[in-house]
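Next come the chains, spelled out residue by residue.
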Amino acid sequence: MKKTMIAGAVGAILAFGAGSALAAAPADWSKVAAKDITLFYPGVSPLEWIQKGTEHGGARALKKGETCADCHDEEAADMGKKMASGQKIEPSPIAGKAAFIPVKVQAAHDGANLYLRFSWKQPAASGAAKMDDKNPVKIAFMLESGGKVELADQAGCWATCHQDSRTMPGAADTKTKYVKGASLAEGKFYDLYQWRSGEKKGFDGHVAESRVMEGGTALVSAEGKQDGDTWTVVFTRKFAGGQGDVALEAGKTYNFGFAIHDDSAAGRFHHVSLGYKLGIDAQADVTAAKQ
Amino acid sequence: MARLRRPSTKYSLGGLLSVGILLGVLFWGGFNTVLEATNTETFCISCHEMEQNVYMEYKETIHYNNRTGVRATCPDCHVPKDWTHKMIRKVQASREVWGKLTGTIDTREKFEAKRLTLARSEWARMKASDSRECRNCHSFESMKPEMQKQRARKQHEMAIEDKMTCIDCHKGIAHHKPEGMTEEDEE
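These protein sequence lines are chains Y and W, in that order.
Its first residue numbered 1, the first sequence is counted upward by one per residue in UniProt numbering.
Its first residue numbered 1, the second sequence is counted upward by one per residue in UniProt numbering.
Okay, chain Y solo, but in the shape it has when bound (with noise of 0.2 Å):
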């Protein structure tokens, strides 16, 4: 009895100690390969807007079923020089505002853990006041299963993203992102993570309701550091999470999407990603293989 105790006690160790050895983001990222995403100024393009006819042309399209990706993943830096500049949908321009990201997405996962790495270089500041005084960058990224939040599979964030959440024009403050018809017990969310440069911590958190910035239990950690003028942000979550989390499973694709918030920005004053596809171990837009 004692030995089987003790035989068991040990096998928990080196299982555990087996665990966590294997348990450990890419060594060398530079083996891992990389996907360009530009991010651009989105200015005012909610839900709602993108599905108004009158005033997207592409209306037509998501409605068929293509994604925002089909018609715009190749003019991400032309749309945001629209935005960024007034010159389309951005009421309040910001003099000097950075109209496009290109940053590099990797991904690998260890069976227990997806390691998700942006990088990017710093855009010129724009010299406008601060909008977060507190953290000069944020970078957030965004899952949901399954498409069941309705335009999930095509419009990426776009489905949490709403014509009457706050620093949209006429906004209550008191409103944030949210999705139609959430669910956290059906899987109607999107998971969200984000990391901030100036308290130099990670956030789990999901929108339903309403956007939450806590409570999920997927994340390990989320590290970021600027070298020079390129940024670094590392986010390792682990496969299996809370309420709020969404699971994930070797061989499947999520719905993803990213937004940095450069230049002391709040709000939807951001930098976004189209939505994407984010494989484990599955062909997708970024695709996370085993270590």
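Because the hints were derived from the structure by calculation, they are not lab data.
The C-beta atom is built at its ideal place from N, Cα and C for all residues, glycine as well.
No false leads were slipped in.
Now the stretches of chain Y that chain W is said to cover, found in silico as 3 or more residues with beta-carbon under 8 Å: (1) 51-57; (2) 60-67; (3) 70-84.
DSBU-like, lysine-lysine: derived pairs with alpha carbons at most 35 Å apart: (4) W:Lys127 x Y:Lys81; (5) Y:Lys88 x W:Lys163; (6) Y:Lys82 x W:Lys127; (7) Y:Lys104 x W:Lys154; (8) Y:Lys63 x W:Lys163; (9) W:Lys177 x Y:Lys88; (10) W:Lys154 x Y:Lys52; (11) Y:Lys63 x W:Lys144; (12) W:Lys154 x Y:Lys121; (13) Y:Lys238 x Y:Lys130; (14) Y:Lys64 x W:Lys177; (15) W:Lys144 x Y:Lys81; (16) W:Lys110 x Y:Lys52; (17) Y:Lys252 x W:Lys149; (18) Y:Lys81 x W:Lys59; (19) Y:Lys81 x W:Lys163; (20) W:Lys163 x Y:Lys277; (21) W:Lys149 x Y:Lys81; (22) Y:Lys63 x W:Lys114; (23) W:Lys110 x Y:Lys88; (24) Y:Lys180 x W:Lys163; (25) W:Lys127 x Y:Lys52; (26) Y:Lys148 x W:Lys149; (27) W:Lys154 x Y:Lys252; (28) W:Lys114 x Y:Lys52; (29) Y:Lys180 x W:Lys154; (30) Y:Lys88 x W:Lys114; (31) W:Lys144 x Y:Lys277; (32) Y:Lys82 x W:Lys114; (33) W:Lys144 x Y:Lys52; (34) Y:Lys64 x W:Lys127; (35) Y:Lys81 x W:Lys177; (36) W:Lys163 x Y:Lys148.
Residues of chain W clear of chain Y, computed beta-carbon distances all greater than 10 Å: (37) Leu13; (38) Val25; (39) Asn32; (40) Thr40.
Since the structure of chain Y is already known, use the hints to place chain W on it.
Chain W only, in chain Y's frame:
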């Protein structure tokens, strides 16, 4: 009346025929000359209603100035090229003369108040003719999708698939879109 029916005893058949042909040519030529004179941009913008509103907007667009130096003027888009459809359109357009005389859009305010109705009627005409005037210059057959931007390529692929017509999407391509358009206008 009786004189019109009575054979001539005074003029030779040859003379009568020659005079008839000459008058016919003069009349026909004159008619067509006048018709064509109304088919020019100069004629269209001789009315301030056109010159100060839609023309100004058109001047900012690619149909006015472009890389290759081809210009589509008002009648290129708004008057059919072939005779039959042109005549039908011209007869319809005589109503616009009445509009001009009674001043239905003689101020900016009146024009803005009516532009959605006017635009809708022109969109309906273009839709009914499968964008015939657009297709005088443009066609899916001569389009090279690989030379288009991703967005245009995608949209044109869908348009071919769904048998759509140019004006379905290209409203407001040469003039500002009117205020108050509904989702139905875009369908």
